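> Here the protein sequences line up with chains A and B, keeping their order.
Here our numbering is used: position 233 in the first sequence is 233, and no number is missing along the way.
Here our numbering is used: position 285 in the second sequence is 285, and no number is missing along the way.
Hints are computed from structural coordinates only; laboratory data are not their basis.
A portion of the hints provided could be inaccurate.
Quick list of in silico lysine-lysine cross-link-like pairs, DSSO-like style, CA-CA up to 27 angstroms [stated by the list, open to error]:
1) Lys20/B to Lys25/A
2) Lys260/B to Lys13/A
3) Lys195/B to Lys180/A
4) Lys98/A to Lys29/B
5) Lys180/A to Lys99/A
6) Lys87/A to Lys20/B
7) Lys27/B to Lys115/A
8) Lys131/A to Lys20/B
9) Lys195/B to Lys204/A
10) Lys313/A to Lys13/A
11) Lys29/B to Lys156/A
12) Lys131/A to Lys195/B
13) Lys115/A to Lys133/B
14) Lys99/A to Lys115/A
15) Lys98/A to Lys87/A
16) Lys206/B to Lys156/A
17) Lys189/B to Lys99/A
18) Lys145/A to Lys70/B
19) Lys288/A to Lys306/A
For clarity, every value in this text was computed on a predicted model and none was experimentally measured.
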Amino acid sequence: MADNNIFRLENVKVWFPVQKGFFKKTVGHVKAVDDVTINVKRNETLGIVGESGCGKTTLGKAMMLLENPTGGDVYFNEDGTEKDITKFSKEERFEFRKKVQMIFQDPYSALNPMKKIYTEMEEPLLIHGYKDKAEREYMMEQALKLVNIPVDYLFKYPHEFSGGQRQRVCIARAMEINPKVLVCDEAVSALDVSIQAQVLNLMKDIQQERDLTYVFIAHDLSVVQYMSDRILVMYLGKAVEMADSIELYANTKHPYTVSLLSAIPVPVLDRDKKRIILKGDVPSPINKPAGCPFHERCDRCMERCKTEEPQLKDVGNGHFVACHLYE
Amino acid sequence: MAENNVTNTNTTNSIDNARKYGTKLWKKKVRKFFNNRLAVFGLLVVVIFLVLMIGAPIFTKWDPNAPNFKAKLVGPNAEHLLGTDSLGRDLFARILYGGRTSVLIAVVSSFIGSTIGTILGAIGGYFEGFIDKCLVRLQEIVSCFPQLILVLIVVAFIGPGTWNLILIFALTGWTGCFRLVRSEFIARKEETYVKVCEAFGMSNVKIMFSQILPSVLTTVIVQLTMNIPGYVMQEAGLSFLGFGVPMNTPTWGTMLNAAKASSILINNPHCWLVPGLAISLFVLAVNFFGDGLRDVMDPRQQ
Ligand SMILES: Nc1ncnc2c1ncn2[C@@H]1O[C@H](COP(=O)(O)OP(=O)(O)OP(=O)(O)O)[C@@H](O)[C@H]1O
Ligand SMILES: [Mg+2]
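Given only the sequences and the hints, what does the whole structure look like? Please build it.
Here it is in structure tokens:
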């Protein structure tokens, strides 16, 4: 079972210090990711959903070693042995970079405005030791073909591209070195709906072709549902529910997920469908409420929820939920 | 295998084709620069100055240091284009030869200062933390320290001289560039494209110098040209006070210094008017050029 996991996160915390005053005293922490224990299976697509600011990007970055976890371990298992990536040496890190890539949220700043696309795409290949120019160009062209960008675009600057084209260039660049895991942070949010569908299908095809594992971050629930095998729901830096995508939609447990799913617009106007509109705002990640992070907005809040924090527990069928209602 | 080769060459062909029609950003920039009249005027004046200075022996037959007691303080005429000074030295020749030293001091100091500032600023801004704190303190000390006192110390111990002046200018002049580059690095290292390079395993040094620096360099180059006029003026000022270049070396500053006797100031205005105008014109031209350069170089203006 453990062998089947390509990533395993154990109690991962990423806290950012909040500094105040002249002497930069640390007065608290933004708990962007707080005590998250999850696994990512080989060749699956794990969708991560949650409100803006709940720590999805930060979690993705922690898996990429772009953010050093404040606590906890991130295990990566690509070749049968599980290794803690937070304890990697410089060489191991470099090898790891070849295998895990990320598509970033903002396609407008993901490309250096001073460089031609050719240089942008060539750099990863140069770093990873492709010495032959013809080989590099062949690989670049293959990668661009994958995302439907003509080679002419190689000699243009990023400002000559639309947001969707930029995002596709970023996808091509990440795919180029044949990573095993791709963390897609809102990879399609910047695209319009028709291209979105196109890129999503493309990503699915590539996954089949290359045995990729996706960590698919989005806040568009229908997109996540379409893409993911399993879905992780986050709230305020915590993992609140994780289950197979079909199971999650059919058998929603956590009140937060229930309200989240009820917000998906449906094409058929179903008058009986109750839409749960959340009261209040997401509490600040600096001063989290005691107990369950969601209790202030939960309509099924119990006395116990205000003091005791629920842990992520298996409720059967590979369905994990962190809620006192299901204990 | 053979098939593979064919695809390979095909690929390179189509990429080579595309390369020919790619965007040539610098062409656009050159065109934009030449549409700016003041900038072109500035460039033209600077080039004329440089040509005259470098080819000084061609443009004047006079020795800038040879006194001629028969022709002291004569006004501009056919023989002496801009007249002569109180020792009968030809002013045109002194402007050209003196300009060499003045401009050399300004350009070299500005260049060294900017280089020091850029490297330290890049290190401080990219790594932050302890090194950065030390560099910022150093920068504060240097920029608070009165330059004139430093000049006096150096003159007192080593004596006045061209290279001493350059040394002082460079050692005190890096702070502006340091602040500029440091703040740019702090802002830009958070850009997603830097994170992307990190994710690809690019080394810190490479990220600093091949990813962030190019976009900062344009501002640095502009800053560098904008500093040049300041140094020309400072050299003139210090030489005028007698702390700069020795009096026997012609520079625009020592020429002004030589013209400071009150009788000359009143009776022979050409003696101070000529170097004064040379300084003003050169400074103005470099400023116009720098302004034009900034307009085209600023990456935010695309
Ligand atoms: N470098 C940082 N320094 C301080 N705080 C940070 C930093 N990066 C993120 N945060 C904070 O961490 C929290 C989670 O941020 P994150 O970017 O992971 O959210 P997200 O779930 O990706 O949101 P979105 O859907 O808007 O992209 C936010 O409150 C954010 O302000
Ligand atoms: Mg995000």
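> It remains to establish, for every hint, whether it holds in the given structure.
So, going through the hints one by one against the coordinates:
no.: 1; hint: Lys20/B to Lys25/A; verdict: violated (56 angstroms)
no.: 2; hint: Lys260/B to Lys13/A; verdict: violated (73 angstroms)
no.: 3; hint: Lys195/B to Lys180/A; verdict: holds (19 angstroms)
no.: 4; hint: Lys98/A to Lys29/B; verdict: violated (37 angstroms)
no.: 5; hint: Lys180/A to Lys99/A; verdict: holds (5 angstroms)
no.: 6; hint: Lys87/A to Lys20/B; verdict: violated (47 angstroms)
no.: 7; hint: Lys27/B to Lys115/A; verdict: holds (15 angstroms)
no.: 8; hint: Lys131/A to Lys20/B; verdict: holds (23 angstroms)
no.: 9; hint: Lys195/B to Lys204/A; verdict: holds (25 angstroms)
no.: 10; hint: Lys313/A to Lys13/A; verdict: holds (18 angstroms)
no.: 11; hint: Lys29/B to Lys156/A; verdict: holds (15 angstroms)
no.: 12; hint: Lys131/A to Lys195/B; verdict: holds (24 angstroms)
no.: 13; hint: Lys115/A to Lys133/B; verdict: violated (32 angstroms)
no.: 14; hint: Lys99/A to Lys115/A; verdict: holds (25 angstroms)
no.: 15; hint: Lys98/A to Lys87/A; verdict: holds (17 angstroms)
no.: 16; hint: Lys206/B to Lys156/A; verdict: holds (23 angstroms)
no.: 17; hint: Lys189/B to Lys99/A; verdict: holds (24 angstroms)
no.: 18; hint: Lys145/A to Lys70/B; verdict: violated (83 angstroms)
no.: 19; hint: Lys288/A to Lys306/A; verdict: holds (12 angstroms)
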